[in-house]
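Residue numbers (our numbering), protein chains in the order written: chain G, 1 to 308; chain Z, 1 to 259.
Treat the hints loosely; a few may be bogus.
[To be verified] With a straight-line cut-off of 27 Å between C-alpha atoms, the simulated DSSO-like cross-links for lysine-lysine are:
hint	chain 1	residue 1	chain 2	residue 2
1	Z	Lys124	G	Lys69
2	Z	Lys124	G	Lys137
3	Z	Lys228	Z	Lys8
4	G	Lys283	G	Lys262
5	Z	Lys124	G	Lys262
Rather than coming from a laboratory, the hints here were simulated on the basis of the structure.
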Amino acid sequence: MPGKVASMRDAVADLVRDGDTVAIEGFTHLIGFSAGHEIIRQRKRDLVLARMTPDLIYDQMIAGGVARKLIFSWLGNPGVGGLNAIRRRIEPASVGEGTALEIEEYSHFGMVSRYTAGAANLPFMPLRSYFETDLPKANPLIREIRSPYSDEVVYAVPPLNPDVTVIHAQRADANGDTQIWGLLGCQKEAAFAADRVIVVVEELVEESVIRADPNRTVIPGLIVDAVVVDPFGAHPSYVQGAYDRDNRFYLDWDPISRDEVKTQAWLRDWVYGLDGREAYVQKLGEERVASLRPGSAPSGPVDYGDYR
Amino acid sequence: MSEPGFSKSEMMIVAAARELAGQHVCFVGVGLPNIAVNLAKRTVAPDLELVYEAGVFGARPARLPLSIGDPTIVTGATAVVSMFELFAFYLQRGLIDVGFLGAAQIDRFGNLNSTVIGPYDAPKTRLPGSGGACEIAINARNVFVIMRQSSRSFVETIDFRTSPGNLGGAEQAERIRRAGGWRGRGPSVVVTDLGIWHFDETGEMRLDSLHPGATLDEVRATIAWVPKISPDLGITPAPSAEELRLVREELDPEGVYTT
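With the hints as extra help, turn the sequences into a complete structure.
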């Protein structure tokens, strides 16, 4: 299958440029760690990283020095604690003489609404949030707006149009038609909002597999520039039906990331020292990988009907 | 006083779960709320619909979710929706009865800070930020808060208002909620490791129940303002054997949140 299939190295080299606004989305589920690692490995610089929950992947990327700015709505290691490498670039006591990371902060609904406005080519999205909070003071891009139809006042957020969005998914065909099941996060909105889209999948399938179940297609090949086949590429996050979240790694990252020297050593061992996800999976070991495989819970098939 | 046979966290989880009796649709948060809500579903509120901000309505988690996006909340759920739908159609439309929030700081009117300690532009401690908290506080019909008491958390003035509570008092909050078309009526209960607080007619927290083993001295020592204490102050019934069994054997067998 030729089509848009590319290696991770080529996709990132061709489609991610220094200074770009990059969104690697996926809410807890389907986080594109393998793409993030390749961006670190290729030493991209001055990126504006957008993501609702920066998660460990942006902690690692920011530790790797790829970013100048972060756009987000919840900055934590889910269920564990803080994102320590990012905090070191924000809290003055640790930044010291170094360059602080620029931040632009929203709520979850605000970030989702930004992608939605970006995807729909709208100048803003209105929402009933932010009233009586300090968020609009912290971020002047969150603005009050009066309804053209009544006296009601709501808040507006501007569109977010990433230069590149990276989506991890269960499967796609060579044209980039992509199917996801499980949590959908805001992948569809982030992809439609972007100028360029990289889809990373667990499995490359024939077009006929996609066409047999069109309701499951989240992103059409129409907006996809590259399809990278990178099994286990979302580890230590998870892929519904394929592998579980590796909670041990989320716990282990806390002490590693508290120490800049340990953080850089981790990046050497697991990112710079490897040439891609296959080597990473090998280093992780069969036992660890096997321990993350879930049992089976297939959906019942539906009948779309034959209308020839 | 003899050993009570349960931890403060267990009492807090059980007390929060009981508050969910009679509620229907609940927006679940990570950590303690996660256990409390799952306990409520197994005890006082079997018909509770669990909503996770990651985009799940009617979750039936078979294990305690490790995060609010755990795959176990998807398998067997009623519906998986995009996050836009979740926030716009379920929360903003007003379908959520209870939203659970925690925070680093709370004031007497239930306003919450989960963003920064210190100034925003030069924080002493950078916290996670809003996530969905700010819109949950505005649009969930009732807000339940779960927090451990300490004078660093229960403060006179919060450093940053991430989620609005009763603002400067009930009257002002009422007026602003009506004018803004909020679906929420504000915070209704704060469950701590020492007791249960509701909000009085002025919109201020009032201690209505003290957990067994806790004292009013402890309560006053862990709060930065002079707290209102109900004249009819009750004692929270201790966790039952069944509640403790569910928490220890089914919901948090490794004691991550409860020890």
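- Query: Honestly, which of those hints from before does the structure not fit?
  - Reply: Violated hints: none; all satisfied.
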